[in-house]
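Between the sequences and the hints, there should be enough to build the whole structure, so can you do that?
For reference, each letter of the sequence shown is one residue, going -20 to -1, 1 to 407 in mature numbering (1 follows the signal peptide of the UniProt record, and there is no 0).
What the hints contain is simulated information worked out from the structure, not anything from laboratory work.
All figures in this text were calculated on a predicted structure; none of them were measured in a lab.
Where a beta carbon is used, it is the ideal one built from N, C-alpha and C, also for glycine.
Incorrect hints may have been included.
Said to hold, decoys possible - Listed next, the in silico EDC-like pairs over lysine to aspartate or glutamate satisfying Cα-Cα at most 20 Å (straight line):
| no. | residue 1 | residue 2 |
| --- | --- | --- |
| 1 | Lys372 | Glu53 |
| 2 | Lys334 | Glu314 |
| 3 | Lys217 | Glu147 |
| 4 | Lys217 | Asp160 |
| 5 | Lys217 | Asp376 |
| 6 | Lys130 | Glu266 |
| 7 | Lys196 | Glu397 |
| 8 | Lys334 | Asp96 |
| 9 | Lys97 | Glu314 |
| 10 | Lys97 | Asp338 |
| 11 | Lys244 | Asp134 |
| 12 | Lys135 | Asp160 |
| 13 | Lys318 | Asp96 |
| 14 | Lys54 | Glu71 |
| 15 | Lys318 | Glu23 |
| 16 | Lys97 | Glu315 |
| 17 | Lys298 | Glu33 |
| 18 | Lys386 | Asp210 |
| 19 | Lys279 | Asp145 |
| 20 | Lys142 | Asp281 |
| 21 | Lys34 | Glu315 |
| 22 | Lys34 | Glu301 |
| 23 | Lys318 | Glu33 |
| 24 | Lys372 | Asp213 |
| 25 | Lys142 | Glu266 |
| 26 | Lys54 | Glu171 |
| 27 | Lys279 | Asp192 |
| 28 | Lys244 | Asp160 |
Stated by the list, open to error - Restraint-style ranges between C-beta atoms, simulated for each label pair:
| no. | residue 1 | residue 2 | range |
| --- | --- | --- | --- |
| 29 | Gln154 | Lys34 | 53 to 61 Å |
| 30 | Ala242 | Lys89 | 46 to 54 Å |
| 31 | Ser113 | Lys135 | 46 to 54 Å |
| 32 | Glu147 | Ser339 | 38 to 46 Å |
| 33 | Lys97 | Leu26 | 21 to 29 Å |
| 34 | Phe230 | Ala20 | 14 to 22 Å |
| 35 | Thr111 | Gln154 | 47 to 55 Å |
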Amino acid sequence: MKKTLFLVLVLIMAAGVVFASGSSQNGPVTLRFSWWGTDARHEATLAVISAFEKANPNIKIEPEYGAQTGYNEKKTTEFASRTAPDIFQIETGAGPEYQKLGVLNNLSKLSSIKFDKFDSNFLVTNGQFGTGSQYAIPTGMAGTALVVNKTLADKIGIDLTKQFDWEQLIVWGQQVRAYDPTIYLLSANAEHSMPFFVRAYARQLNGAPIIDDAKKVLNMTEAQFTQCFDLIDRLYKSGTAAPAAYKAPFGNQDQNDPNWIAGKYVAHVGYSSSAEVVQAANPSVEYVAGALPLLANRKSDAWFNDTPQYMGIYANTKYPEEAAKFLDFFFNSEEAAKILGTVRSVPPTAMAQKIVTDSGVLNKLTAASVARSITYNGRSDAGLTTSAEPTKILLDAYEAVSYGSKTPATAARDVVEQLNAFLARSR
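This is the structure in structure tokens:
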């Protein structure tokens, strides 16, 4: 989202939004539902829609699906013009921002959806955004993952399953290049790697997100940003990570990179939700879930297990109870659980987890990646740090350093200046 939170809020207020109450309709109802994802996710979601419509003939769901690129920008425009879908998938970082904007319906006030099949503690940290009410539903359980081509790692003599620090990545990167100059240690796309190398590193340094939400000030100093960007600079200059210019055309779809398919990387920087996808792109080798890097003097492990996305209901929908009824079917029915499988990572309820485990649908590498992320004691930095403008600022800086167009010191100075300007407007 390129527009700021402030601008969107002004536009929404200017439009005179009057949010709908939790009324239910007996006649025909049409609901729009938007999401992004892979073809497998699209097909499974369409099948669930079909099953729901058969059971509820008075409710029609109009699907709106596509790629993740540009999704948040489109939502910003829809919120400002009051044309957002009734139900929509939400990026985890955008969830708290949407709640503060007032564009999410308070699901706790809707009678047509129940949360008794969810772990209550997981809901507190995933979708309540510190309010005590459920504004979004976690679609699954996921964490950051380092998906390791064990077959290749063993040939080179590298063991990424044992705990290591950040500097060890560069040591291994040089070892990989010495073994074969056409191979890289890391397949690191910017969208996945910025949270990995910037936000997680920051949480380890300070035990807190980059931004203090309550005080609306930076927890991270310019010197610490320089330290972080220096690591990223050396990752690329040493050949530990594949060149940024080469990776850019593939976006966050590492499975489409011919070098990944050919087994030219030791590890994929991503999430547990991407593990099965990259595994399927090159199934001829053995994969394992690697450990995640830690600073020796860290204040937090930083790594945590949360949800890969949320589902929410638009606060201005005309049919909140019907939308809630669909989401209740989506998350709480065994029929939907069997159809959806693991297209949105490990399911968020014990009922659905048992179904995918018993059926053999739950991918072992995905399960191992989630189990690995659970071993760390970090907490999510969802809030201002993950909102649209700070995310863009950090992503731009990551890309500038990875391309070599900015020095670590210059990138750090610019990030501090831009984030402080954002915070000044937010106060």
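20 Å Cα cutoff - pair lysine 97, aspartate 338: holds, 18 Å
Given pair status - aspartate 134, lysine 244, alpha carbons within 20 Å: holds, 14 Å
Proposed proximity, aspartate 160 with lysine 135 (alpha carbon, max 20 Å): Satisfied, since the Cα-Cα distance of roughly 11 Å is no more than 20 Å.
Supplied distance hint 47 to 55 Å, evaluated on CB atoms of threonine 111 and glutamine 154: holds, 48 Å
Assessment of proposed distance window 14 to 22 Å (beta carbons of phenylalanine 230, alanine 20): Roughly 18 Å apart at Cβ, these two residues keep to the hinted range, so it holds.
Verdict for serine 113, lysine 135 (Cβ pair) under range 46 to 54 Å: holds, 52 Å
Proposed proximity, glutamate 314 with lysine 97 (alpha carbon, max 20 Å): The hint holds at about 11 Å.
Given hint glutamate 315 paired with lysine 34 - CA-CA distance at most 20 Å: holds, 12 Å
Pairwise hint evaluation, glutamate 301 against lysine 34, where the allowed Cα distance is 20 Å at most: holds, 18 Å
Pairwise hint evaluation, glutamate 266 against lysine 142, where the allowed Cα distance is 20 Å at most: holds, 17 Å
Lysine 279 paired with aspartate 145 [C-alpha distance capped at 20 Å]: holds, 14 Å
Restraint status (C-alpha distance of lysine 54 to glutamate 171 at most 20 Å): Satisfied, since the Cα-Cα distance of roughly 18 Å is no more than 20 Å.
Of the numbered hints listed earlier, not one is contradicted by the structure.
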